[in-house]
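Based on the sequences and whatever the hints tell you, model everything.
Numbered by my numbering, the letters in the sequence shown go through residues 447 to 1121 in order.
Source of the hints: derived by calculation from the structure; they are not laboratory data.
Treat the hints with care, since some could be wrong.
25 Å max Cα-Cα, derived DSS-like pairs, lysine-lysine [to be verified]:
| id | residue 1 | residue 2 |
| --- | --- | --- |
| 1 | K973 | K519 |
| 2 | K799 | K874 |
| 3 | K804 | K923 |
| 4 | K804 | K778 |
| 5 | K923 | K944 |
| 6 | K1046 | K973 |
| 7 | K973 | K944 |
| 8 | K798 | K778 |
| 9 | K829 | K798 |
| 10 | K829 | K513 |
| 11 | K709 | K944 |
| 12 | K923 | K973 |
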Amino acid sequence: LGLALYAGSLCAASGAALLYHDYCVIGAGPSGLQAAYFLQRAGRDYIVFERSHAPGSFFALYPRHRKLISINKQYTGKSNGEFNLRHDWNSLLSHDRRLLFRRYSRDFFPSADAMVRYLEDFASLLKLRVQYNTAIIHVTLERDEQAWNGHYFLLTDQDRQNYKCSSLLVATGTWVPNVVNFPGSEYVEGYETVSINPEDFAGQTVLILGRGNSAFETAENILGVTNFIHMVSRSRVRLSWATHYVGDLRAINNGLLDTYQLKSLDGLLEGDLEDLAIVKDEKGKLHITLRFYLENRNTSAGINSITLPQDELDNFATRAPYDRVIRCLGWKFDFSIYNRSLRMMPGKGNKKKYPQIKPSYESRGTRGLFVLGTASHSVDFRKSAGGFIHGFRYTTRAVHRLLENRHHGVPWPSTVYPITQLTNSIIKRVNEASGLYQMFSVLADIILLRENATAFEYLEEYPVGVLAELEVQTGRKAPSGLFVIIMEYGRNFSGADKDVFYYNRAVGEAQHAWQSNFLHPVIYYYKRLPTEHEMRLRPPDWPLPRPDAVHHIVEDFLTDWTAPNAHILPLRRFLENCLSTDLRNFFAESCFLFAFTRQKLPPFCQQGYARMQGLVGSEGLRRHAAEAGLLEDYTLTDFSGDRPPGSHDGSQDQLLTDHAIPVRPLQHLANAKDE
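Have a look at this one:
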């Protein structure tokens, strides 16, 4: 009967006018607004639905204690905006310099209220098309062969207004609290409603269920006023500095670890929450027992008739009664609004709180449905930053570029350079790019080689999980091989049980770069595009299949990979070996001599000197080269007798030795050793 009534209501609603848009975005949080920005800049027909009266409604409530754990670094010593985004974890991407988060807060860990103001301004200043007070309560499909994806998406809001879209972008985040049901769970307070006034906990004994940042945030707030705090969770604590995953416990919230290890009454316990039970005594105290003690017993008969663990084990860890039990177990995705026809299925294992999606962020069950923001974190859960603003602002841009190519024939943005700029292009990106830096092991720069390796095409921040589909997804061709530039941590450096502060933890010599532990650039070379089969069979924990060649740029304490000998020279030699060509730069004198003494000019001479291109010489440039020992200083030469200036004694080999000029003397003088 309920199904019939519901079907009838839908039929009645179907009589209402359908409002059509090419793109529908559900949710006006950070990822929804970021998607709207890119759609608006591209001139697309879109609408954003937000159930609240303002954007970013999640941040109006959470975190409960109002301090974000996303860093807001005001100063980096650099003026490069792209570089500075590496250390700005709150700003969304836009062309408007007013919309940098540092203009909204100067706190290193800013207030959530500043984020709410920021998102409101982002939506209003950019005039994004957001429809507020619109809660989408049902989503289904309408088959149509003429539609972009073979079907339309039909959305219904709380007022039974229907909307029709060709592509659906889900940016609702994870906002449904995780709840564990066990006997006595009705006595548990939720993180979403518990008091945030420390005085309400004065002199009380508290048990917290959970071990994430919300649990430790709650404990930090009441640490100084409680008798003691115990924290129970299924897994051991995971410290972000050990796992290098920003979603694990951050130092700002870990005060309870101090009081636990320094024996100041507080403590951590491991146990399956589903095995627990809570019994309330006549004084209102909460006693922890185990579920099997309550089997076949009448709990209403009173606590005296129930066996407690301490009755059998008198030093049972949680034998002391508690005044309050607080649940802090995080959130999960809301699957309830999606019709079964969309096949929105939860993930498996520790990813079950997220919907199943492909590495392209498209639903595994429905073509044209993309998941953005925190809800898309299954792609890189516990690996990278895709569940946080400083990560998904880049993955959202990647999804937009995929959609532009698929539906509008706009290829992935790229730039073509002569092959002589290959080394410089890579060095520039690994030192500046924020997307590569934040979404390490997930987004990569792709270099597509042109025929005969005379030029290359540079694509930025492409999802490596769909590398095999690159030609289809980007509209770019890879006929002559490619390089993939990605950032990685060392293979065995990260983990909850790792000591990341051990002696000799860093590598400083280029020949040992492959052993680098900290985040560093890695360049993969493929003679052809990897296949989907090769992607599936890649080694465990490798972001990519085995390449034809691989090069690690040695880690750097300053994350500044511009050292001529340690960083640039090994990279250039690697590229030269892969391409079987000379990527050095030369002065005109050397190119002139090579034209007479070599069968083939180096690419720099072919593309520069031979075409009458390059830097115009000057006295200052020549003097600088002479002082560096890269050119002979004729002004100091004693020309006596009949020997004319510039003449040389000896063989032609000596002539080449005198005049061959190494790579980029003004920037990288140390490369002179390579000559």
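To see whether the hints hold, each was checked on the structure:
| no. | hint | in the structure |
| --- | --- | --- |
| 1 | K973 - K519 | 41 Å, violated |
| 2 | K799 - K874 | 38 Å, violated |
| 3 | K804 - K923 | 22 Å, holds |
| 4 | K804 - K778 | 19 Å, holds |
| 5 | K923 - K944 | 42 Å, violated |
| 6 | K1046 - K973 | 24 Å, holds |
| 7 | K973 - K944 | 36 Å, violated |
| 8 | K798 - K778 | 8 Å, holds |
| 9 | K829 - K798 | 16 Å, holds |
| 10 | K829 - K513 | 24 Å, holds |
| 11 | K709 - K944 | 23 Å, holds |
| 12 | K923 - K973 | 13 Å, holds |
In summary, the numbered hints that this structure violates are 1, 2, 5, 7.
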